[in-house]
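Chains as they are written, first to last, in the numbering used here: chain A, 1 to 388; chain B, 1001 to 1118.
Keep in mind the hints are simulated off the structure, nothing from the lab. If a hint is listed, it holds; no wrong ones were tucked in.
Reference listing, derived: stretches of chain B covered by chain A, where coverage requires no fewer than 3 residues with Cβ under 8 Å from a Cβ of chain A:
| no. | stretch |
| --- | --- |
| 1 | 1059 to 1066 |
| 2 | 1069 to 1079 |
| 3 | 1094 to 1105 |
| 4 | 1108 to 1115 |
A few chain A positions that, by computed beta-carbon distances, are all more than 12 Å from chain B:
| no. | residue |
| --- | --- |
| 5 | Lys15 |
| 6 | Lys46 |
| 7 | Met67 |
| 8 | Asp69 |
| 9 | Tyr120 |
| 10 | Gly149 |
| 11 | Pro151 |
| 12 | Pro265 |
| 13 | Ala313 |
| 14 | Lys337 |
| 15 | Ala358 |
| 16 | Ser361 |
Computed list of lysine-lysine pairs in DSSO-like fashion (alpha-carbon distance at most 27 Å, straight line):
| no. | chain 1 | residue 1 | chain 2 | residue 2 |
| --- | --- | --- | --- | --- |
| 17 | B | Lys1102 | A | Lys354 |
| 18 | B | Lys1049 | A | Lys347 |
| 19 | A | Lys347 | A | Lys318 |
Glycine included, each C-beta is placed from N, C-alpha and C at the ideal position.
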Amino acid sequence: MNLATYSNGIIHVTKSCKACDHCSSVCPTGAIHGRLGQRHRIDPLKCINCGQCLINCPFHAITDTSMVDPVKRALKDPNFKVVVQEAPAVRVALGEEFGLTPGTNVKGKMHAALRKLGFYRVYDTEFAADLTIMEEGTELIHRIFKAGGVPGYENSGPLPQFTSCCPAWIKYAEDNCPAILPNLSTAKSPQQMFGAVAKTYAAQQLGIDPANMIVVSVMPCTAKKYECDRPEFIASGYKDVDYVITTRELAQMIKDAGIDFLNLPDEQADSLIGSSTGAATIFGVTGGVMEAALRTAYEVLSGEKLGKVDFQAVRGLKPVREASVDIPVKTLGKTMKVNVCVVTGTKYVAPVIKDVLAGVSKYHFIEVMNCPGGCINGGGQPIRREMA
Amino acid sequence: MKIYVEKAAFTRRQFFKGAGVLLISAVITGVLSKIGLDALAISDDYVEKRAAGLYQLDESMTIRRSHENPEILRLYQDFLSPGQVSPLSEKSEHLLHTRYGKDIPHLIEEMKKSEAAA
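Next up, chain A with everything else stripped away, as it sits in the complex (with noise of 0.2 Å):
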């Protein structure tokens, strides 16, 4: 969507850009354009804003537009009653911050200091999550039916379902294969429902004017800023999500504010739209939508509990991966193998939407996510490597 409001883009090239060209050797897209030995600069139109140059610049010397500024006033602010909701990936690195290991889970401690920051109601991204799953599963269902010649479900999409979680793969999509767009799920992201949720049915229950009421995401993304801009999500009225705060930012606000986070107790999120489950949390991690898809769409599809819910062919770090499941649907009287694709790196994507515009995709469901390993490895993520 090359609409003038997205012009500035989300990713900048700072002058401490030595040009050295490894940005433009980890872009998915190709946005990235200079010479070896001269300042380089970003394309806005073609970026997704998926900030892997950010992450990976030797020099530290590309950024990302800040939404801190206005957050911190939000919270000074007595007329506004502030809720955030935290993705998956944030709770394990933003320990990293505060000198523990990558995958130390610090979501209590996170809880805590969101708190101590001034929050109104500390919810979870996760619960959106479980959410997403509800209503996206419950689409390729359908989509699986209407592709069985089941009665009733003409209106569905087409197979194979694409996931929608990743705003950088939907900007691809957008920009790069609009024929595609039929296949992606029409689930908007759980950033986004939570967004739509809790300006509605949550400030319902809580008997707050939704106009007072101020969304903050924390997310390991840099194009969830891009994507809460979008000017589509105002579902409620509002902007669903007004600000979103990268996990880098959370742990600089926790510093600047002086509370010490590792001697914080550990907290759960507010009830209402804050409980999660172990389905919602791996959509931190590549292939986790897809797992917590399959725990759902296999028993409602069968009837039965699933003995073991883990799906150990979905995971791993390969960027492009498949499985196959046999789920007995009981609507269709027969076993039905679903064939999945999970990709992680959105340059691998396109031979599998090749697949899928000439008709010869096997599968049934495609999970993509822009970056190596998923949201975990996201723009938005402590900076890890330290080569300058």
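Position chain B relative to chain A; hints supplied.
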């Protein structure tokens, strides 16, 4: 009579110099790519650790299936599809689903219309 005199392309001194330069640049290339590969190895390492962190967290949760989240069930029963748990209801479609690419201006128009009607 013509006497053939072998002409060396370079002197013995030049040869040693050239060989030295080649050797040193080979070593430098090796060291640099080692550093580069190490950086990549570190990169994979932290991604793996973060992934392991999420899988451990998943295993530690009492509920591991989305359709068993009690607050999700309540959201459907009280708000999205009153009285039942039924995804893709009219309210779900409005709040939780979207469109892409060239369909977006139309979607925005629809939302503004329904808002004005309400």
